[in-house]
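In case you want the letters, here they are:
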Amino acid sequence: MKLTTKVILMMGALSMAACTNAGKLGGGAGDGAFDPNAAENSGVIMGSVSDPTSNAYFQQAVGDRVMFEVDQSSLTAVGRATLDSQATWLLTNADYTAIIEGHADEQGTREYNIALGNRRADVARSYLVSKGVPSSRMQIVSYGKERPIEICSEEACYAKNRRAVTLLAGGLTG
Amino acid sequence: MMVRIFTALMALMMTATLSLAQQGPLRIEITEGVIEPLPFATPNFVAENGSSAEMGAQLARVVAADLQNTGLFREIPAKAYISNVTDFGSAIQYPDWKAINAQALVTGAVNVSGNNLTVKFRLYDTFSGAELGNGLQFQGTTEGWRRMAHKVSDAVYSRITGEGGYFDSRVVFVSETGPKNKRQKRLAVMDSDGAGVKYLTDSRSLVLAPRFSPTGDRVLYTSYETGFPRIYVLDVGSVQRRVLESGEGSISFAPRFSPNGQTVVYSQATGSNTDIYTMDIASGRSTRLTSAPSIETAPSYSPDGNRIVFESDRSGAQQLYIMSANGGDAKRISFGQGRYGTPVWSPRGDLIAFTKQSKGRFHIGVMRVDGSEERLLTASFLDEGPTWSPNGRVIMFHRETQGAGGRSTLYSVDITGRNLRPVRTPEGGSDPSWSPLQK
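These protein sequence lines map, in sequence, to chains C and B. At position 121 of the first sequence the residue is numbered 121 (the working numbering), and the sequence of numbers has no breaks. At position 414 of the second sequence the residue is numbered 414 (the working numbering), and the sequence of numbers has no breaks.
Derived by calculation from the structure, the hints in this document are not laboratory data. Please note: incorrect hints may appear among the correct ones.
[To be verified] Straight line, CA to CA, 25 Å or less: simulated DMTMM-like cross-link-like pairs of lysine to aspartate or glutamate: (1) Lys359/B to Glu155/C; (2) Lys331/B to Asp71/C; (3) Lys131/C to Asp95/C; (4) Lys359/B to Asp71/C; (5) Lys182/B to Glu154/C; (6) Lys120/B to Asp191/B; (7) Lys182/B to Glu155/C; (8) Lys160/C to Asp313/B; (9) Lys331/B to Glu373/B; (10) Lys182/B to Glu150/C; (11) Lys182/B to Asp71/C; (12) Lys359/B to Glu150/C; (13) Lys359/B to Glu69/C.
Just so you know, these numbers come straight off a predicted model, no measurement behind them.
If we strip away everything but chain C, and leave its shape as in the complex, we get (with noise of 0.2 Å):
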């Protein structure tokens, strides 16, 4: 019961960061940081989106993610043209690696909504590669449709939560 409430309020606090955007990049892919529990909140310290090389103007300025069509895992012009952004940053900042997540709206079954999740998330993955950001510095990961971001059940939040993001899951301090 004690822990249940401690992890509540870590995730509590981590929403907040994220919110604030506050302090400077910190963080990692192999230090333990990733919270499977805070999908999109990675631990990772956001930086400041005036700073092109921070984590909040990657998100913000950059475009972290890019939506799907009902049970469809094909790029989208728009897509394509997010993910051209993403992958002309990645080649600038070469210390950070990425964590790909694939995300599916709630009408699905959950498995298969784990494997589609996977497919859009290998689709953007695929597609950076494409453009030379090298396949070492990411990996993906599928939620299904366990981590939606609307929790309305109509087609506007669905279409949010169709969505492979890259998260930022390393990079320098300072």
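Following the hints, put chain B in place on chain C, whose structure we already have.
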């Protein structure tokens, strides 16, 4: 809503017939779908010593609840009794029980001695004025008293329906709290009636789809403990777990045991492709069974271990297929409108339960192994993940409600589509997996 579903189901089913033999022996034919539950009485079990009275009452209550919850039986309340059973050995006053229409009478006796518990029971067909089967005696510890009640229920159910029982079994499931975007999940196990919930993991890591081993001592599940989905095997008694290693750079999920408990069948995604593999648990050696570029997942063995049913979108949308347990060509068995997923082979071998999505609704359904005689048992915004009772007569699944406040609850339903009811758990519940009958 309930009424509409029920009406639809009744239309789907063949004419349901009532087969309560008032002339012949006491008998319920489950396959036909029972409309009128059979009235029965379960007086408090007779205390054979001074310290047993409370236990006698508790045992009778659990037996009555087990039977009543099947929807096949209806309890006659104690306040209607004309005579009572105060001596387990004395003759039954059949006219007193017939007069209140208690067609079946379950009597019991209990003896508590320290931690030792002895339970005896007899079942009577009051209209025939005869005992149905012989009296039975169970011995155990007071701690296991609920299991002994379930064993009595299983014997009563089995004698009246001619089917195997299912009460003395457990269900492993995912216990859920929190809203959809912050949901916390942990593994839990409970008795089949929802009592005795124990938690097997904490909620620090996302856990999915636990599956009981054929002997009920181990559980396979998927956990994001490492940040990536991996398959774990957990010992229910010690709660010790270990990861089953799979290929580097891949994710693995959707595990199930083979009927002999030595092999795991599961899905592994490498690159964009998800295929079905088996792994020998002892050696860790894996074998790839499918190789299509499509999604192959949710595999489930036939009870004889010779075949595997799974879902694939190789045709363009999720459908059900059956292949040899060694892989090779697969035969499509689902052809209706909509998408079919999460197939589970019945322990009797005759039916496949599945989740179907059609026209924005989810259904739990069953079909024969050749894909014929599809029947949808439920309908809602989101019904998913069927699991079979040990006797293949009841299906448990989870239902998630719509919208921002959506919450997941376990439900059970007969394979006739009748007796849809929530299974009460302390928190939300999903991904149930039913154990075999306990020994």
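For each hint, the structure was consulted:
Of the supplied pair hints, the one linking Lys359/B and Glu155/C holds, its CA atoms being roughly 15 Å apart against a limit of 25 Å. Note on Lys331/B and Asp71/C: the hinted pairing holds, with a Cα-Cα distance of about 24 Å set against a maximum of 25 Å. Taking the CA atoms of Lys131/C and Asp95/C, the gap is about 17 Å. The hint holds against a cut of 25 Å. Pair hint Lys359/B plus Asp71/C holds up; C-alpha atoms about 14 Å apart against a cutoff of 25 Å.
Of the pairs offered as hints, the one joining Lys182/B and Glu154/C holds, with about 18 Å between alpha carbons and a cut-off of 25 Å not exceeded. Between Lys120/B and Asp191/B the alpha-carbon distance is near 22 Å, which keeps this suggested pair within the 25 Å criterion. The straight-line distance between the Cα atoms of Lys182/B and Glu155/C is roughly 20 Å, inside the 25 Å bound, and the hint therefore holds. This hinted pair checks out: Lys160/C and Asp313/B have alpha carbons roughly 24 Å apart, not beyond 25 Å.
For the hint pairing Lys331/B with Glu373/B, the CA-to-CA distance comes to about 17 Å; that is within 25 Å, so the pair holds. At most 25 Å may separate the alpha-carbon atoms for a hinted pair to count; Lys182/B and Glu150/C meet this at roughly 11 Å. With a C-alpha separation of about 23 Å, the suggested pairing of Lys182/B with Asp71/C holds against the 25 Å cut-off. A hinted pair counts as satisfied when its Cα atoms are at most 25 Å apart, and Lys359/B with Glu150/C qualifies at roughly 22 Å.
Proximity of Lys359/B to Glu69/C is assessed by CA-CA distance (about 17 Å); at most 25 Å being required, the pair is judged to hold.
Checked against the numbered hints listed earlier, the structure breaks none of them; every hint is satisfied.
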